[in-house]
Each structure stands twice: as C-alpha cells, then as structure tokens.
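Colleague: Please construct the entire structure, taking both the sequences and the accompanying hints into account.
Protein chains in written order, with the numbering used here: chain A, 1 to 80; chain B, 1001 to 1356; chain C, 2001 to 2340.
One or more of the hints may lead you astray.
Calculated pairs, PhoX-like style, for lysine-lysine (alpha carbon to alpha carbon, straight line, at most 20 Å) [to be verified]:
(1) Lys-37(A) x Lys-16(A)
(2) Lys-37(A) x Lys-27(A)
(3) Lys-2218(C) x Lys-2287(C)
(4) Lys-1238(B) x Lys-60(A)
(5) Lys-59(A) x Lys-2321(C)
(6) Lys-60(A) x Lys-2321(C)
(7) Lys-2133(C) x Lys-2111(C)
(8) Lys-1234(B) x Lys-1050(B)
(9) Lys-73(A) x Lys-59(A)
(10) Lys-60(A) x Lys-73(A)
(11) Lys-16(A) x Lys-1238(B)
(12) Lys-1238(B) x Lys-1248(B)
No lab work stands behind these hints, which were simulated from the structure alone. Values in this document were obtained by computation on a predicted structure and should not be read as measured data.
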Amino acid sequence: MCLAIPARIVELEADKAMVDAMGNRFKAKTTLLPDAKLGDVVLVHAGFAISLVDEEEAKKTWELFAEIENFEKTQNKLSG
Amino acid sequence: MLDRILSAQHTIEQACEEVGREITIMEVCGTHTVSIFRSGIRSILPASLKLLSGPGCPVCVTDQGYIDAVLELAQRDDCIIATYGDMIRVPGQAGSLETCGSKANVQVVLSSTDALQLAREHPDKTVVFVAVGFETTAPATAVAVKEAAAEGIENFCILGGHKLVLPAMRALLGGMNDRVDAFLCPGHVSVIIGSGAFAEIVTDYGRPCVVAGFEPVQIIESLADICRQLADGKAELKSMYGAVVTEKGNTAAQTIIAECFEPADGYWRGLGKIDKSTLVLREPYRHFDAFARFGLEDRPGEPIPGCRCGEVLCGLIEPRQCALFGEGCTPEKPIGPCMVSSEGTCAAWYKYGRRS
Amino acid sequence: MANNEPERILLAHGGGGQLTHQLIQRHILPQLENETLSRLGDSAQLDLSSSSLCFTTDSYVVKPLFFNGGDIGKLAVCGTVNDLGVAGARPVALTLALIIEAGLELEILEKILESIGRTARQAGVSIVTGDTKTVESGSADRLFINTAGIGVRLAGVNPGLEQIAPGDKIFVNGTIGDHGMTIISQREGIGFESQLQSDCAALAGLTCQLFENVPGIKFMRDATRGGLAAVLNEMVEAGRFGVEIRERDLPINPAVQAAADMLGFDVLNIANEGKFVAVVSPEAAEKCLSICRDHDLGREAAVIGEVVAASEVPLVELHTKIGGRRIVQMPYGRELPRIC
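Modeller: Structural data, given as structure tokens:
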C-alpha cells in the first residue's frame, strides 16, 4: 500500500524540500521528519519524507540506488 | 543480488520440505502483492508455499458506500474532487470517477498538500480530498488538515477513509481466516507505526511476523526467514527492512495522526465492521470532515451480485476461484475493486499470473 | 512578424481570405520551402519512382506543445515518417493539416512551423500539401496537427506479422520509456523537474539501412502509445506464436526508471517516439545490432527476447531479473500515478 522511493534532499526551506532521484526533482515536505537536513537521503511517499535512509543500507536495499552514486559523480563532473 | 536470491530460494525449499505440509503466508500489503507478481517470485517458490493476498489494498477494502459517496460529490458543480490516481477507476454503483467526473472537477494529485493548494486556487469551489490509505498515508492527510486549519481555509475538506492495519489482522485471525501461518508485514506502514506494533500478533496468536521491503530481494529473504521460523517451530517478530524501519516508528507522524484523528468503528469490504479500525477527524478538526459537511452517511454500500472481492481480500479464495474472474470482470471492465486497483489482488493475478 | 499583424491567431485566419493567405505566405511557406508546396494547388502532383507504396496518417494532440527534446511539430513529422519507415518504405512526402485554436500566439505557431520544416529537411521528406483551420477558443487545446505520409516501398521488402516464426529474435533500437516520462514530467499537476529528454526522432534513415542491408527482417513496429507492452501484445494477438522477453536485457535509462518508480508507472507501458521493435531471423540479429549501434539513433540497441511457440492463450512473458516469470499485459491506455 505504499509506493515510496529513496531520494536525496537537494533544497530545503522550513519543511518544504526538493528531492532528487536520478536527476528527477520532486517537491516533498519534511513535516514528518523534523530532523531532516540538506543532503540527507529520505524515503518519500505521497509527497512526504517519512524516513531517513542510511546510504549504505540504501545501496543494499534498492538496486536502482546503487546507480545513484555513479549518477551523482557524473553530475558533479558536469557542473565542474 | 542474484546470489542472495538463490540462497533465499534454497532456504525456502529446504524449510518447506522440513515443514512437510502446505504453508500459508499472508502478504498484508497490496503493494507487496504487486511486487511479488511483477518480480516473478511466485514462479520460483515451491508449490507447497501458498502466498495469500490480504486486506492491504486500501482502495479494495474501502467499502462500496464510501465510493458511492465520492461519486455523489463528483456530480456537484460546487466541488472539486482531489484524489490519488489509485481511485480513478474503482467502480461504484453508478460508474467510476473516470466515467462520472469531468476534467473540471476531478483532479489527480500526488499529495494531500496539492489538494490543499487546489482549494487556495479555487476559492469558489470546495475541494474534497479523497483520503484513503493506511497509516503510511494518514499523516500526509493530517498535515494538510492542520495547514488548512492554521490558514483558515474553509473550502477544503476530506472524505475520511483511512484504515488501520492491525485491527484488520486481528479480525482475520479472530474469525475470518485463521489458517494463515505467518504474515509478511507491510514495510512502509511499519516505517510509521514501528515494527514493534506487530509484536502483539506474535504474542497473542503465535504467528511469525516479518516486516519486509518491496524489492524482490527483500521479499524473498523475508519469506525465507518466515519459512525457517516455521520449520524451527518458532514465532518471532523480525524486521528485514532496517534501512527505514525502526522498532518505534516515526513518532512525529504518529503524533500528528493522534492530533487530528481518532480510531472509530468502520466498514471494510469483505471483513464487515471492525472495531476501532478506521480514522475519523477529531476536534478541533471535525469541520473538515466531508461526510458531515455534505450530510452524507458513512454506511456500507449494496453488495455487488457475484462479486467475491471480500473473500479474496481475506485470503479465503484465490482470484481464479471467483466465477467472474476473467469472465465479465477484467481490468478493462472491472466489477469489483480488486480488479481495478493497480494493486488489487485480482488485477495482479490477471496481469501477471498465468491465466490458465 | 510584420508590425500590423495580429499577435494571436484569429478565427479569420482560417476563413480562406486575406488572413489565411497572409498566414500561408508569411509564416507557413517560408518554413516548408519546396516547389510542390509553393504551387499551392488544391492537390500536390507527385511522380513517384514506383507504384508500390506505403501510405499512413496520424494526428498529434500532445500537451504540452513544447517538451524537452521536441515539440508537437517535430513529433508530427517523425511519427508519420516512422510509420512509413517501419513498414519498409522510404518516406517521400507528407501532408500537414493544422487545427488552430483562436487565441494561439503567432510566435508559438512560428516556432512549431520552424520545427516542422527543420525536421522534415533532416528526414529527407517534403511537406507537399496542407490545410489550415481555426476553431473558436475552447474548441481545441491550442493546436492539433494531422500528417499523412506517402513512401515508396523498398524493393523486395515485405515485413509482416505472418512472417514471424518461433526462434526469431526481438530487438529494440534503444532505451524505452523516455518520451512518455518526459511528457509526464512537464504536465500540469504531476510535473517534476528533470533532465529527461524525449527520444523523438525520424527513424527512416536507420530503418531503410536495415531493410536494405539485412534480409530476414520479418517485422517492425514503432513503439508509441502503450509502449513496448502494447506492441508485443499486438504481435501475439492472432495466437500464432508467443513472445518471451528478458527484463535484464531491456535498455532503460536509470533516470527514466527512477521517475517511473516515483509515480508508480511501468516503463513497459510508456510511450516512445524514436524507438521501434523489430523481429528478425536469428541469423540476422547480429548484423542488425551492428548497423544500429553504428547509427546515432541505435547506439543502445539490444536483443530483448525471442518468439516462441504459441500457448493456450496469447502470451507475452517476461523473464524477471530474479529468474522468475510473469506476464506482460496489454496496457489499459492510461497510466495513472499511484501512491499504493
């Protein structure tokens, strides 16, 4: 009953965040995760971050997440 | 990942042999049903292991009466129905939101706060948010309600349909289907309520409970753990979704649910009335309740002739045992919600299982 | 644009009089420059090298009009060119019919016409005849386009479903789901920022190269609405054979997968506008892949499965990543984002 995927917080102001999943940026609210910080990886469901995700665990858990590291490295190279 | 899967497969085969009889594991969560089918896990499990889909599809267990209420509101000129995509094709007596609504007054939203935004943008209409889902989704609704209250947004309300997982599990074990040997527990509900919430199922009913994520590897490893427990005569609570599930859960989310909602008796398709199993708005948020605002009764709907969704939801029958399955009830022309909801058991069987 | 020109399309632009004339002369003809069209006859006169022809039509109602990687104009040319290409023809000429909602900004129309002209030139086709209609504000969603296309069939090339036999290989010329997810990402209400790009492209150059150099291409279809799942299910409908594909071999851009996961969509059901599915004899597969991978529009081509003997019910079966099997159904026709 719960489609949720891990994504990284790339913008955060009060409880309004922008999360990034492989370059796709979605709005998400962190109202339910008051301790969430910029750069954290969170689980997003129905527009809300519902849990922090440990990155090492994430790589073991989600096949696609393992590719995020490569993706983010490419992004960093592109933006110099 | 493949070696983990093969290892889990091996564990399952061995454990099932040791148990020696048919094992029934219930996936409580509809998203698990879909994941299991999509990944083809069923096709690699031994025949003696039966996976049953339970009442974990919130749209499926939403009673006919609720759906009829949504459709009634969709006909009104002064309303905009804001809903998650899941609800669009679920049939009521007079059609579905897809056939009854118009572009103007049925909007698919990704989030409860998008629904609230619609209310801000259309001050001349009342936005009714179709609030279905289990504990994973209830906090999102609560946040929107609180925001509406704080801003004094009057043209926003929710048609409350949130349900609680544990009362349903207890109702199942207490009467409807006590043949279930173990439970594959919902991963994201557990993120909110904590894995510890399922301890009572273990202690009161002696059934192994394993909280699983939704990737095929996690599901199959969880099934392996359950089979191993059954073979060893154990009944324990385990979480195999440590990446996001803690024992206590998300306390901020729990607090906000408690602030806005209180448990009430409610009607579940197939399970009938279950005590303290649904969430209704409490004061000071009651005026956001669409049932009250529009004078609608939250009552059970008329049963659909021939439809056995209820028994499917309890895991009493497999979809193919329903006479309507594939004959008259298909994803294109669904009769009951189990066929139309993307995670409905019947839809998953029809889409991903062998048809013969 | 001349100073005295209205900034928006008026109903009168479709009236056949002064404004229509102005629109054609000042804005349409310059972008689509070719001799046949310039004659502005009631019909275009064509002399084709053969009477063995392919003929197709499609209408384009995409929203938004402009998206990452293309626009409705580019789509209108590519879609029709591709329908000819996969049928084993070399596209020659297109018609262009515009239905414009009164109120559409002239600047927008200009941009789209420019795109149509550019795409047609790159694809080696001419827009030889056309039509412009306007409708009242509210009667069309900004702009609808219809194109029909005619092409000359390549000698000895006769692809068709009846040629497919168990053992044949199935391949695609690249990643799937790109176009549909890009459109969704720019749609009101469920939009999200992304770097996704539509794969909208004219494939006739590649398809002609394949047909002309590889005997044994049995069938080809472009995988537009309904995605790969729709094409494969259409193929097996007659019940003469089944299809098995391998999840591990499907070329999918991880960013597309992530976006689909976020919204609950199945990539197999998502539209493409620069991809075809081809069924070829086993001996031909290697060469087909090689030709594709040497071409800009086929770099990530891959064999994704095989044709198998028919079963009781027409089936498309997916061998999943974990070694299981499940069925790929014909998509309903509308992907809805879900939370569950």
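Colleague: Of the hints stated earlier, which fail here?
Modeller: 11
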